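Asker: Using the sequences and the hints given, assemble the complete structure.
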Amino acid sequence: MLEARRLEEQPELAVEAKDLTKRFGKFVAVDHINLEIRRGENFGLLGPNGAGKTTTIRMITGVIKPSEGYVKVFGIDVAKERKKVLKYIGYMPQKFSLYEDLTVEENIRLYGRLQGLTGSLLRERVRELLERFYLWEFRRRLAGKLSGGMKQRLALATALVHDPALLILDEPTAGVDPPLRRKFWEHFRELNKEGKTILVTTHYMDEAENCDRLALMNRGRIIAEGTPREIKRRALGGDLVEIVFEGHLDPTALPGVKSVLEDSRERYLLIVEDAGKDLPRIVKKAEELGAKILVASPVHVSLEEAFIRFMGESE
Amino acid sequence: MIELEEGIRKGLRIIPIVDKEIRQLVRDPKTILMVLLMPITVTILFGYGYGGKGVGKYPITVVDLDGGDGAFKFIQELRNSKMFQIKAIYKSKGQGFSSVYSGKVYASLVIPETFTEDLMEGRPTRVELYYDASNPSVAQMIMQAVGVVTQQFQEWAASRFGTFAITPMFYTVYGPKIKKIESFIPTLMAMILQMVPTSLISVSICREREKGTFEQFIMTPVSVFDIIFGKLTAYFFATISDATLSLFTAVLLFDVKLKGTFLDMTIVSTVFLLNSLSLGLLISVFSKNQLQAYQASIFSFIIFMLFSGVFIPVDVLSTEAKMIASFVPMYYFVTAFRNVSLKGWSYLMVLDQLAVISMFTFAFLALSLRFLRMEVT
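Just so you know, the sequences run in chain order A and B. With the first letter of the first sequence counted as 1, position 208 gets the number 208 in this note's numbering; the numbers rise by one all the way through. With the first letter of the second sequence counted as 1, position 330 gets the number 1330 in this note's numbering; the numbers rise by one all the way through.
No false leads were slipped in.
Result set (EDC-like, lysine to aspartate or glutamate): computed pairs, CA atoms no more than 16 Å apart in a straight line:
id, chain 1, residue 1, chain 2, residue 2
1, B, 1211, A, 100
2, A, 65, B, 1375
3, A, 83, B, 1226
4, A, 83, B, 1375
These are computed hints drawn from the structure, not numbers from a lab. If you're wondering where the values come from, they're calculated on a predicted model, not measured in any experiment.
Answerer: This is the structure we're talking about:
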């Protein structure tokens, strides 16, 4: 109770990293990154393989020590008071890390016991998780004999055994079939709705759209941070809109236009300050100038495009 | 959330770890085979290779140059000790020597001319043992046994003729090739109690690191203490059978006659088994992978064997080698187990050795606790 109440009083931040750095010899895997993950947020850490995502995650879970800087989870310094932090964190490592020679049920039970659950509480919790993640009928199967998707479900169930407030998932959908990946994200959204803060890494850009906020990592640094929309805006320097019209129109005369990406006679791809505000003004102005607007709409930009732009800039 | 928080227990997490380790061990058929079959196999190989069924006594000859009552009484005392089978009593040293040279017996005991006379007058005297040094462990057994008999005889004589001393003198002779399995029981036990447990447990932590399970494991509130003692306990239960198995195999198959009680031998074996497991854990803490751990445990095993006195008695080694031997727990075990199993001593009489072995155990565990990193690499 006491512990629970203390958590309620914690500051808004679930994770706070400051100047977090990890060096392996001369190689700098993570280079002075700052991160702030708010409570209840679904936060995505994005980047190509080798960007330093796993190293960052491992410093947050405390399984490796930072060379410089610190990480606080719910206000507790992980390097200094790791044991206190552990009960708030549920962790699903990138590689399947459960015991392949124990059964599904034995794995969850073991972790329940290691987390300090006993008796009927333990039994109920194990049963609940087995059912929730569709593992009940496989509970007596050795973990090593499970398919990839089932292994991931087991890993997720195990990470949740002590009902942690922060769920850290390192590439949870790597190697999982696309339909199953969607199913996983449904689980994550559900857990997020239940009030759990989620920190998830992925290199699938389409998945990252599901996150409340993102940080893009490349070569050990965070090169962009914000909501998916903010990140895309920042990559282009604004929103992308498409205008199709009849007649003559000088794009630079339109309000809010920052640059012209494409100019193919009666179709423009423009970058504007804010698509929501600027589009109606553009239509109005264009008509004042005598052109007939056929289409005026925001264009969907993929995160991937945004990311590639950022990577280009950072190099 | 609150409901769970209330139910969460603090404190040690050893029992779930023991449970887990034993389940994992039992599910690995290769491990079971190694734990159960290796002691039996080694015992059988030793049994057949080193003489099979024996009479349970060391054959020796006696050269009685004295011919008096004192000598007669001493010979009787040798017989009573049940450690010797006196093949012949000669009247000349030459006959005695040749009985050792020819390989008929391990040793020849010479009682000097003035033995009875010295005895009656309370003068210091001696007996001379000419033994086959080609088989050091047997030779050592005989020397110890002669020492014991002399001691007993001296006490008896002192009560009748007053205080004096009988010094056993030892001389080496090279000769026979006969060996007996009893004298190899301590060696056998040392091997079995060292090799299987150490190599088995030595991979336990680095396997977790290698397979990645350690990363999940240390996300729970387990402590270094829980891990070390959880694994130690589990592997102890798994390997304690080894000691019993090999003893029973030796007794049943080769008719080995051990003087020690089962309890005494079990106590001494247990103390050493805990040492072997602690050493294995220490190796596991420092090894990068399973292969390295295996190599380290085999390497330490070889060193232990060389300096434990099972091949060459430590007494006859160089000063440097003696120094090394004093850091080898197996040396203390072999000494203690030899006394308990072959001489029928109680474990209380080998407490010194047990204390030294336990000190090493303590040191290995302390180092493991100190250097086990709750981190991944």
